[in-house]
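Asks: Residue numbers (this note's numbering), protein chains in the order written: chain L, 1 to 113; chain Y, 1 to 114.
Hints are computed from structural coordinates only; laboratory data are not their basis. Treat the hints with care, since some could be wrong.
Stated by the list, open to error - Residues from chain Y that face chain L, not an exhaustive set, calculated with beta carbons under 10 Å:
{"no.": "1", "residue": "9"}
{"no.": "2", "residue": "10"}
{"no.": "3", "residue": "14"}
{"no.": "4", "residue": "43"}
{"no.": "5", "residue": "63"}
{"no.": "6", "residue": "64"}
{"no.": "7", "residue": "66"}
{"no.": "8", "residue": "88"}
{"no.": "9", "residue": "93"}
{"no.": "10", "residue": "94"}
{"no.": "11", "residue": "100"}
{"no.": "12", "residue": "101"}
{"no.": "13", "residue": "105"}
{"no.": "14", "residue": "110"}
Think of the CB as a built atom: it goes at the ideal place given N, C-alpha and C, for glycine as much as any other residue.
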Amino acid sequence: KNQVEQSPQSLIILEGKNCTLQCNYTVSPFSNLRWYKQDTGRGPVSLTIMTFSENTKSNGRYTATLDADTKQSSLHITASQLSDSASYICVVSAKNYGQNFVFGPGTRLSVLP
Amino acid sequence: SAVISQKPSRDICQRGTSLTIQCQVDSQVTMMFWYRQQPGQSLTLIATANQGSEATYESGFVIDKFPISRPNLTFSTLTVSNMSPEDSSIYLCSVEDFLTGEQYFGPGTRLTVT
């Protein structure tokens with residue numbers, strides 16, 4: 001069964017600290033993996049998209065890694081800001097799969113002053 | 001990039017009534033997607049809407065409950081019919097740029113059924 005799991009479910013950190021969010025997937029075949037940020041009451045916004053051949057991709061203070069062999073990805077946030085408080089969703093795109101996108105449950109990050 | 005707007009942004013409806021949600025995109029797109037996000041949950045795809053053809057529904061979603069219209073390449077509507085409290089969710093419209101693979105989401109419509 002195609003699944004995407006994320007950990008932790010929620011995370012609280014202090015402003016300025018770094019954090020790493022995890023994503024494990026069993027989606028096969030694999031097309032690409034995406035990380036989205038979803039602010040409360042808003043639609044998800046894309047942070048990174050990685051294909052099979054990419055190991056790392058950065059977008060400002062956000063750096064995503066992908067290990068296609070172990071089917072794991074991480075999202076590292078550097079020097080966190082209050083505006084980073086949001087849900088972070090890992091999404092895997094499967095070829096030849098009806099839904100095309102398999103969504104993880106998300107990690108709820110709270111950055112405190 | 002694509003800019004997507006949705007109307008209404010939120011609504012409170014009575015059980016048994018229907019609500020039509022509108023989705024407008026600032027560029028022409030072939031495929032539009034409708035998602036549901038129940039409280040505290042991630043997104044679940046309801047259906048894929050292609051212009052000029054019937055929408056394709058995912059398992060667990062049927063046309064009688066969620067009729068979709070796609071009259072042109074920039075607009076779509078999703079109707080939530082005969083609503084019950086279990087339909088209380090955020091409903092999101094989405095499009096995909098097939099050249100870049102980027103997926104863009106609307107701001108969502110927060111529906112509460114009482």
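Asks: Hint by hint, note whether the structure agrees.
Replies: Checked hints:
no., hint, result
1, 9, "holds, 9 Å"
2, 10, "holds, 9 Å"
3, 14, "violated, 23 Å"
4, 43, "holds, 5 Å"
5, 63, "violated, 16 Å"
6, 64, "violated, 20 Å"
7, 66, "violated, 16 Å"
8, 88, "violated, 15 Å"
9, 93, "holds, 8 Å"
10, 94, "holds, 8 Å"
11, 100, "holds, 8 Å"
12, 101, "holds, 6 Å"
13, 105, "holds, 3 Å"
14, 110, "holds, 7 Å"
Hints 3, 5, 6, 7, 8 from the list above are not met by this structure, while the remaining hints are.
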